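S.K.: Here the protein sequences line up with chains A and B, keeping their order.
Residues 0 to 479 in numbering that gives the first Met the number 0 are what the first sequence spells out, letter by letter.
Residues 0 to 479 in numbering that gives the first Met the number 0 are what the second sequence spells out, letter by letter.
If you are wondering where the hints come from, they were derived from the structure by calculation, not from laboratory data.
In this text, all values refer to a predicted model and were calculated from it rather than measured experimentally.
The calculated DSS-like cross-link candidates involving lysine-lysine, where the alpha carbons are at most 25 Å apart (straight line), are:
| no. | chain 1 | residue 1 | chain 2 | residue 2 |
| --- | --- | --- | --- | --- |
| 1 | A | K35 | B | K82 |
| 2 | B | K206 | B | K461 |
| 3 | A | K25 | B | K245 |
2 protein chains.
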Amino acid sequence: MGKEDVGITVSKNDDFSEWYTQVVLKAKLADYAPVKGLIVLRPDGYSIWESLKNTFDKKFAKNGIRNGFLPILIPESLLGKEKKHFEGFNPEVFWVTHSGTNKLGDRLALRPTSETLAYTMYAKWIQSWRDLPLKINFWNTALRAEIKATKPFLRTSEFLWQEGHTVHATQEEAEKEVMEILEIYKHTVEDELAIPVTTGKKSEKEKFVGAVHTTTMESIMPDGKALQMGTSHFLGQNFSKPFEVKFADKDNVEHFAWQTSWGVSWRLIGAMIMVHGDDKGLVLPPKVAPIQVVIVPIYKNDEGKDKVLPKVNEIKENLESKDIRVHVDDRSELSPGYKFNDWELKGVPIRIEIGPKDIEKQSIVIAKRYNLEKSSLGFTEVEKISVILDEIQVNMLKNAKEQAKTITIDISDYQEFKSKIDKGGFFNAPWCGKIECEDKIKEETGAEIRVIPFGSENENQKCIFCQQKSVSVPIFARGY
Amino acid sequence: MGKEDVGITVSKNDDFSEWYTQVVLKAKLADYAPVKGLIVLRPDGYSIWESLKNTFDKKFAKNGIRNGFLPILIPESLLGKEKKHFEGFNPEVFWVTHSGTNKLGDRLALRPTSETLAYTMYAKWIQSWRDLPLKINFWNTALRAEIKATKPFLRTSEFLWQEGHTVHATQEEAEKEVMEILEIYKHTVEDELAIPVTTGKKSEKEKFVGAVHTTTMESIMPDGKALQMGTSHFLGQNFSKPFEVKFADKDNVEHFAWQTSWGVSWRLIGAMIMVHGDDKGLVLPPKVAPIQVVIVPIYKNDEGKDKVLPKVNEIKENLESKDIRVHVDDRSELSPGYKFNDWELKGVPIRIEIGPKDIEKQSIVIAKRYNLEKSSLGFTEVEKISVILDEIQVNMLKNAKEQAKTITIDISDYQEFKSKIDKGGFFNAPWCGKIECEDKIKEETGAEIRVIPFGSENENQKCIFCQQKSVSVPIFARGY
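Construct the complete structure from the given sequences, taking the supplied hints into account.
M.R.: Here it is in structure tokens:
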């Protein structure tokens, strides 16, 4: 085998960053593109995204959201219509200046996000209350030039995401939508990717440029850094006014509409890799695994082959009839040991081994990827595999919650906070609500308010920085 | 109602081009974006694309093809690696020259097609025969700056498409793949969109830049112009050599691989609109219709409402249980006549009308969109609606075939050809195989060889232009 096939060469604990990159590349999820800051998704990586997409599409549809398409080019003038918003993105924008040999009159931005374009269209499409609510989601990519070092899925200049944009007749309805989306996000991430999230609001300082407020879900990664997993913004009338998104109500009076926008990206895949992976490579939650069960037949000669293969195919068909995604690794000239390592590297949730001895014993060997446990299962119990997959999914979330708990710290003493921040973690620290304290903490520790969890309002404590009365207990952390 | 709600104001026969644009905009499939040459897809338009995408994905998967993701930015140096290929696209390329305020060292092209990028990656991923065949499809957009007038779905500077790129160990296997894809394309277009296509090869002059040969499917539009519906290219080793896509065979000898690429775009939606639409608007084939059956309840007072609505809901649930996509138009303050026009404009295949009199007669009224026929169906026969949808699908293809037949002309006299070409049509004309004749015909008539149909080889006729011995009978036509 060539060099490429060798497994992960560093430990997750020793060099988290290098470990992460090796898992991404060697499990063949993604690869670097020829342009710095850009990556390519290989089929196993894209398949995880497709699985998430399907789940979101079903949940969005139930919420009355439909999909649409927006072009990638936005005129500079449009992007600047909501000033603050534009200033937020300006340094990251890729600019198209030529088509063929012609210089363009107006520069065109590659979409960093589509509020300005979507709302220009919405203003044309919405006339009356009959046209509301208008809820459209767009599966596309966004482009934001990264100057920092690239990390596949976590920090790239082009990333896959969905961006949803809704318009409502009332503030109340728009705010309700913001929360409904956040709930969809939370449940999808927890149920499909087995990653626990904390939901709440961003501080004024950290909210989306142009939003009235931003709700967010945040997760803690095993290296103690926080990752923003998705955001859902209440835009109020901040965009509907400059873009003239207006509707005539039943009484024929014109009103500016109320809006929301929200998105998750392929960062979720990055989080999944970090939270569940181990020194042998990727560990996939069964629900999003391209292959859920791999069967490795074991034999040395034709006689063994004739005994083993019919049973292998029988089990394969049995599992497929239950909608389990199965693959038989019948590659010749490769040892079982090599194959085991290969599928462990790729994170397949369950490996089944069957050799002549297993045939005699009327049983198969099952190896679970997430805890590396082996057990045997009688031929008559093969049905149980779908239950085992469900158990794995549940246990992976449980383990991830426990892992997160060990690096979540209640703290009220600033000196202690400063001494512990280098090790990372989620720090629940009381805060007075003032941006001056938030700024100072960031400056001195590198930690920012990741989320003010719902229900964390608290006036009975003292701000960790200024010792004045607290208003809430946000999560402070250094982030990705 | 506002002006926007008025129906189609020109006849398909009188002003085909204006009729087409009105259908696209008024049926709310798409709208013009703020940048010239770009369009936005509204949910009803995107839903048709999603339906096609789902069908293709299933068929591609059966062929062993998986999906991946490629970034949109390609360095100029890479695009130029296969010279002829690059020259073909150069005038249409959008160039990114800045990120934020920084001028980029190398210009970046917005993907006009991804051969060069995909094969740069493939060269890294393929080492041995074990890695072949490699078959990946990409759902994305391509960008080609249009200087001619824009037509939604038919001619836009950014368009939705899929591009497939496969690599094989042998020429034979690659050529087989080219044909398998063309078959998938043909059946999907005929079965889902009810549009007949003619398959065959492009001439040397018209083939894809960089291909050894190009297979194509072409359709004739009602205005007599040809539309290229999809192409599948045999690339031979034209790319594998400059991009070094090589593999070690079982005997450990290195070989350049054999490649294919192929694509269809949202042009297919444009063709569907043109072939099936009528003076009342869009006509959707049931298989791709976002709504297959719309139910319009008819009543004047609460008494009527109480009688009608329970039955409406019963029928809705009945149909939904059979996976039929149903919508009940219970908008208040709008007349049944207004609603009928609205759904006819949007092309919904079946409209059901139910009023108090129908309740008494224990029957419903069914209006078929494609032939505008009305009939009644007893309450006990509602089951039949799924059969009727199938019949509509079949009849729409039959009608489209007949329509195409009336504008397909066997011709061997060049003067007659010249006199008829202005009216449009598919002209089956014998040809000697020489590019000089092809060039001259194009120059004098504006018609080009759209496709050399499979099986049209024929040495018994005389070239329509030079009168020398023919080699085949291609289809000549003016095209979109």
